[in-house]
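Trainee: Read off the chains here:
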Amino acid sequence: MASKPRVRVPKKAKAGDIITIKSLISHKMETGQRKDKKTGEKIPRLIINKFVCKFNGKVVFSSDWHPAVSANPYMAFSYKVVESGEFEFAWTDDAGETVSKKAKLTVS
Amino acid sequence: MKRKALVLAGIGAVALAVPSVMTFAAEDWGKYQVGDTRSGYTFAKTETRAIQDDDFENPGMLWVEHGEELWETVDGEAQKSCKSCHADASDTMKTVGSTYPVVAKDIGKLENVENRINRCRTDNMKAKPWKYDSRNMLGMVSYVKRQSYGQPMNVKIDGDAASWFKKGEEFYNQRRGQLDMACKHCHVDNAGNMIRANTLSQGQGNGFPTYRLKWQKPGSLHRRFRGCNKQVRAKPYKTGSDEYLALELYVMYRGQGLPVETPAVRN
Amino acid sequence: MKKSGFSRRNALELIGGGVVTALLAGTFATSAQADAKLLAEAIKKAVGDGAMKEGKITLDLPEIAENGNTVPVGVSVDSPMTDADYVKSVHLFAEKNPAADVASIHFTPASGVAKAALRIRMAGTQNIVAVAEMSDGTLYTAEKLVKVTIGGCGG
Numbered sequence: 000m001a002s003k004p005r006v007r008v009p010k011k012a013k014a015g016d017i018i019t020i021k022s023l024i025s026h027k028m029e030t031g032q033r034k035d036k037k038t039g040e041k042i043p044r045l046i047i048n049k050f051v052c053k054f055n056g057k058v059v060f061s062s063d064w065h066p067a068v069s070a071n072p073y074m075a076f077s078y079k080v081v082e083s084g085e086f087e088f089a090w091t092d093d094a095g096e097t098v099s100k101k102a103k104l105t106v107s
Numbered sequence: 000m001k002r003k004a005l006v007l008a009g010i011g012a013v014a015l016a017v018p019s020v021m022t023f024a025a026e027d028w029g030k031y032q033v034g035d036t037r038s039g040y041t042f043a044k045t046e047t048r049a050i051q052d053d054d055f056e057n058p059g060m061l062w063v064e065h066g067e068e069l070w071e072t073v074d075g076e077a078q079k080s081c082k083s084c085h086a087d088a089s090d091t092m093k094t095v096g097s098t099y100p101v102v103a104k105d106i107g108k109l110e111n112v113e114n115r116i117n118r119c120r121t122d123n124m125k126a127k128p129w130k131y132d133s134r135n136m137l138g139m140v141s142y143v144k145r146q147s148y149g150q151p152m153n154v155k156i157d158g159d160a161a162s163w164f165k166k167g168e169e170f171y172n173q174r175r176g177q178l179d180m181a182c183k184h185c186h187v188d189n190a191g192n193m194i195r196a197n198t199l200s201q202g203q204g205n206g207f208p209t210y211r212l213k214w215q216k217p218g219s220l221h222r223r224f225r226g227c228n229k230q231v232r233a234k235p236y237k238t239g240s241d242e243y244l245a246l247e248l249y250v251m252y253r254g255q256g257l258p259v260e261t262p263a264v265r266n
Numbered sequence: 000m001k002k003s004g005f006s007r008r009n010a011l012e013l014i015g016g017g018v019v020t021a022l023l024a025g026t027f028a029t030s031a032q033a034d035a036k037l038l039a040e041a042i043k044k045a046v047g048d049g050a051m052k053e054g055k056i057t058l059d060l061p062e063i064a065e066n067g068n069t070v071p072v073g074v075s076v077d078s079p080m081t082d083a084d085y086v087k088s089v090h091l092f093a094e095k096n097p098a099a100d101v102a103s104i105h106f107t108p109a110s111g112v113a114k115a116a117l118r119i120r121m122a123g124t125q126n127i128v129a130v131a132e133m134s135d136g137t138l139y140t141a142e143k144l145v146k147v148t149i150g151g152c153g154g
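Protein chains in written order, with numbering that gives the first Met the number 0: chain F, 0 to 107; chain U, 0 to 266; chain B, 0 to 154.
Hints may contain errors.
Computed cross-link-like contacts, SDA-like style, restricted to lysine to any residue with a CA-CA straight-line distance of at most 20 Å [claimed, not checked]:
#  : chain 1 : residue 1 : chain 2 : residue 2
1  : U       : K229      : B       : G151
2  : U       : K44       : B       : G73
3  : F       : K34       : B       : A122
4  : F       : K53       : B       : A116
5  : U       : K213      : B       : T57
6  : U       : K237      : U       : P128
7  : U       : K30       : U       : G202
8  : U       : K213      : F       : I46
9  : F       : K79       : B       : V147
10 : F       : K79       : B       : D82
11 : U       : K44       : U       : H186
12 : B       : K143      : B       : T57
13 : F       : K57       : B       : K143
14 : F       : K27       : B       : P97
15 : F       : K10       : U       : D53
16 : F       : K49       : F       : I17
17 : F       : K3        : U       : N135
18 : U       : K44       : B       : V147
19 : F       : K3        : F       : K34
20 : U       : K216      : U       : R134
21 : F       : K101      : U       : H65
22 : U       : K216      : F       : P4
23 : F       : K36       : U       : W214
24 : U       : K44       : B       : P61
25 : F       : K57       : F       : T105
Label pairs and their in silico Cβ distance ranges [claimed, not checked]:
#  : chain 1 : residue 1 : chain 2 : residue 2 : range
26 : U       : S89       : F       : E82       : 33 to 41 Å
27 : U       : S240      : F       : R44       : 30 to 38 Å
28 : B       : S30       : U       : K165      : 38 to 46 Å
29 : U       : S89       : F       : V106      : 46 to 54 Å
30 : U       : D54       : F       : G84       : 20 to 28 Å
31 : U       : K125      : F       : K34       : 36 to 44 Å
32 : U       : A161      : F       : D16       : 56 to 64 Å
33 : U       : D157      : F       : P9        : 43 to 51 Å
Since the hints were made in silico from the structure, they are not lab data.
Source: prediction; values computed, not measured.
Ideal Cβ positions, reconstructed from N, Cα and C, are used throughout, including at glycine.
Between the sequences and the hints, there should be enough to build the whole structure, so can you do that?
Mentor: Here is the structure:
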């Protein structure tokens, strides 16, 4: 997957804060409905179908995506801050390939 | 007879269109409006503007990031990257987005950013030119123009550029295609009116390459020109062609004073 | 050109039009039924066929989409989000898309609030349906109509 992911996580937060995490990744999200203009054949489906967010190794948020999710998928969600640590974000496509990105969080 | 009917239907449909909003009156568009000149931003829906306004959420920025990586990537037999000659883009590319297209004295013709990049690649880097709307070209053009973000459009239309400007102005006002329409019929005479369920904008170029929701990726101004020409059933010119270069200069001049918005987000 | 009065041609047009209208009406009725069936199946597959209550869900969607390719949607569910009482999942459906499933969003008590935003594709004017699954198995549902238009030019 030649996809570029980006995530926005506040670098610092206080315990008990509810922060918003934003994610964006470049991907065509080929639905499988489109036809090749030259051959008339249907272009096979190839989408990111799973997005997972872990904090210090534990899943805190995830989402299953279907072809109705727009290209260059955006997802924002909330997280309740407890302790310092590291987020790991993973996007997995229909072919089983995963792209991941990490982000640190420091709790004051 | 049939052709004339089509023509009349086409123009009639646009002319009889209902004005969509009280346009020039109420809203204060700040930097997005200069006199009667309005950015496409002001014709877009609230949700769409919100996507453009947030640098993180704006999908066009993914291409700006890609361009930033390419800037430092060595490519071609001369073993150079853009950075080798142009160092820091935020400094050396600062006014490209607001002043291009310009007449390049060494080749004696008008040049836009895409063509200039390819000339640099082939002549100086000894690298292969990029296809006009390829991921790499869109990335690099977005990155370069982004360095002028917020600066007012300031293209030169006198001196060497005068003849190109004149050609672009002629193109803009020239009827073409089966629907026998000129750019001005929509973007001057009917800006602010509805065409079916879309609001016609002034067709400004200050946000290109623009992330069009329809394309689900950024696209060049010339790609948009091709689409527009096809929509009036006219045979489109090639991206990077002299005709579209001249038109680009005229279109950019129409938006003189508007801020560079690259990468804009539009329908 | 045309004679005044009710001609045989007019009569044929009326009958023909009537037949066409009847056929079309039949087609639309069948297609609406088909959509409803697909939606029900998709919901059943996601959460079973338990009763769904109204309330608790806020769906944030534009009244008219700029473009059906990219429609921003926000969903939030009223819940304390504690270990004992939280929103497990929110499933989103588009009742008239080629496939009704859009996305399933899985929260945990660590989420703090059951709130998420994404961008979706809508094939035409239709309801977006949300079904929230609580940690105790209770189901809630909400829907919102979004108008998706045919563009004017190149859109």
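Trainee: Could you run down the list of hints and mark each one as holding or not?
Mentor: Status of the hints after comparison with the structure:
{"no.": "1", "hint": "U/K229 to B/G151", "result": "13 Å, holds"}
{"no.": "2", "hint": "U/K44 to B/G73", "result": "17 Å, holds"}
{"no.": "3", "hint": "F/K34 to B/A122", "result": "16 Å, holds"}
{"no.": "4", "hint": "F/K53 to B/A116", "result": "18 Å, holds"}
{"no.": "5", "hint": "U/K213 to B/T57", "result": "28 Å, violated"}
{"no.": "6", "hint": "U/K237 to U/P128", "result": "16 Å, holds"}
{"no.": "7", "hint": "U/K30 to U/G202", "result": "17 Å, holds"}
{"no.": "8", "hint": "U/K213 to F/I46", "result": "18 Å, holds"}
{"no.": "9", "hint": "F/K79 to B/V147", "result": "36 Å, violated"}
{"no.": "10", "hint": "F/K79 to B/D82", "result": "13 Å, holds"}
{"no.": "11", "hint": "U/K44 to U/H186", "result": "18 Å, holds"}
{"no.": "12", "hint": "B/K143 to B/T57", "result": "10 Å, holds"}
{"no.": "13", "hint": "F/K57 to B/K143", "result": "34 Å, violated"}
{"no.": "14", "hint": "F/K27 to B/P97", "result": "18 Å, holds"}
{"no.": "15", "hint": "F/K10 to U/D53", "result": "18 Å, holds"}
{"no.": "16", "hint": "F/K49 to F/I17", "result": "24 Å, violated"}
{"no.": "17", "hint": "F/K3 to U/N135", "result": "13 Å, holds"}
{"no.": "18", "hint": "U/K44 to B/V147", "result": "13 Å, holds"}
{"no.": "19", "hint": "F/K3 to F/K34", "result": "26 Å, violated"}
{"no.": "20", "hint": "U/K216 to U/R134", "result": "9 Å, holds"}
{"no.": "21", "hint": "F/K101 to U/H65", "result": "19 Å, holds"}
{"no.": "22", "hint": "U/K216 to F/P4", "result": "15 Å, holds"}
{"no.": "23", "hint": "F/K36 to U/W214", "result": "15 Å, holds"}
{"no.": "24", "hint": "U/K44 to B/P61", "result": "9 Å, holds"}
{"no.": "25", "hint": "F/K57 to F/T105", "result": "17 Å, holds"}
{"no.": "26", "hint": "U/S89 to F/E82: 33 to 41 Å", "result": "38 Å, holds"}
{"no.": "27", "hint": "U/S240 to F/R44: 30 to 38 Å", "result": "36 Å, holds"}
{"no.": "28", "hint": "B/S30 to U/K165: 38 to 46 Å", "result": "55 Å, violated"}
{"no.": "29", "hint": "U/S89 to F/V106: 46 to 54 Å", "result": "34 Å, violated"}
{"no.": "30", "hint": "U/D54 to F/G84: 20 to 28 Å", "result": "26 Å, holds"}
{"no.": "31", "hint": "U/K125 to F/K34: 36 to 44 Å", "result": "40 Å, holds"}
{"no.": "32", "hint": "U/A161 to F/D16: 56 to 64 Å", "result": "60 Å, holds"}
{"no.": "33", "hint": "U/D157 to F/P9: 43 to 51 Å", "result": "50 Å, holds"}
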